[in-house]
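A.B. asks: Here's the letter readout for the chains.
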Amino acid sequence: SAVISQKPSRDICQRGTSLTIQCQVDSQVTMMFWYRQQPGQSLTLIATANQGSEATYESGFVIDKFPISRPNLTFSTLTVSNMSPEDSSIYLCSVVLGSDEQFFGPGTRLTVL
Amino acid sequence: DQQVKQNSPSLSVQEGRISILNCDYTNSMFDYFLWYKKYPAEGPTFLISISSIKDKNEDGRFTVFLNKSAKHLSLHIVPSQPGDSAVYFCAASERVGGADGLTFGKGTHLIIQP
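In order, the protein sequence lines correspond to chains A and B.
The numbering used here numbers the first residue of the first sequence as 1 and each following residue consecutively.
The numbering used here numbers the first residue of the second sequence as 1 and each following residue consecutively.
To be clear, the hints were calculated from the coordinates, so they are not data collected in a lab.
Just to be clear, a hint being listed does not mean it is correct.
For lysine-lysine, the following DSS-like pairs were computed, each having C-alpha atoms within a straight-line distance of at most 30 Å [stated by the list, open to error]: (1) K68/B to K56/B; (2) K7/A to K38/B; (3) K65/A to K56/B; (4) K106/B to K68/B.
Every value quoted in this text rests on a predicted model; they were computed, and no experiment measured them.
Using the sequences and the hints, build the whole thing.
C.D. replies: Printed below as a string of structure tokens:
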């Protein structure tokens with residue numbers, strides 16, 4: 001497995017502001033994903049973070065709201081823009097290693113007031 | 001519409017007995033299924049997976065059974081231990097391996113009673 005870290009681990013933000021979440025892996029990985037888990041809900045895939053090209057977004061998620069960067073094979077960021085209370089969730093990054101299973105970071109707990 | 005369903009939000013089992021967690025899916029294109037375990041304030045941890053060409057996969061105390069015709073899978077934990085208390089998520093993908101994003105159920109909170 002790999003060591004996956006996320007920063008910040010939690011934050012409380014005001015509506016209308018933006019927050020950038022970082023995901024760092026201790027080894028190079030080909031696939032990285034971003035998920036969110038709203039209270040009482042399942043994990044939902046936001047997008048696939050592609051290295052060197054634009055992220056691939058799932059239905060219901062758009063780049064203007066959730067811009068993603070992937071500058072190299074070990075790092076990615078997800079920004080939650082113009083936040084509202086409905087964006088209060090746990091945001092998780094995941095990576096695929098040689099065994100093909102997805103491994104998850106510890107998550108970022110976001111509360112929007 | 002939920003494509004992966006875990007209909008039991010919680011399950012309480014006596015230590016040493018068998019825990020059976022169930023999962024149903026609706027998308028017939030799903031070909032690969034995984035179970036994850038999640039403790040509070042941590043990310044999900046991969047437990048075990050199964051591809052649609054198999055009907056059973058075993059790893060120590062954990063066994064996953066797949067009934068493709070019924071679109072149903074289950075995770076058996078035997079014997080159950082206190083450290084197994086966690087939320088268990090069922091997940092599915094249309095491709096074997098992790099190249100696709102996963103579709104998750106809402107989870108089942110397993111409580112192991114001493």
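A.B. asks: Hint by hint, say whether it matches the structure.
C.D. replies: Verification of the supplied hints:
1. K68/B to K56/B: holds (11 Å)
2. K7/A to K38/B: Holds, at roughly 19 Å.
3. K65/A to K56/B: Not OK: K65/A and K56/B at ~41 Å, beyond 30 Å, violated.
4. K106/B to K68/B: Answer holds: K106/B to K68/B is near 20 Å, not above 30 Å.
Consistency note: the structure conflicts with earlier hint 3 alone.
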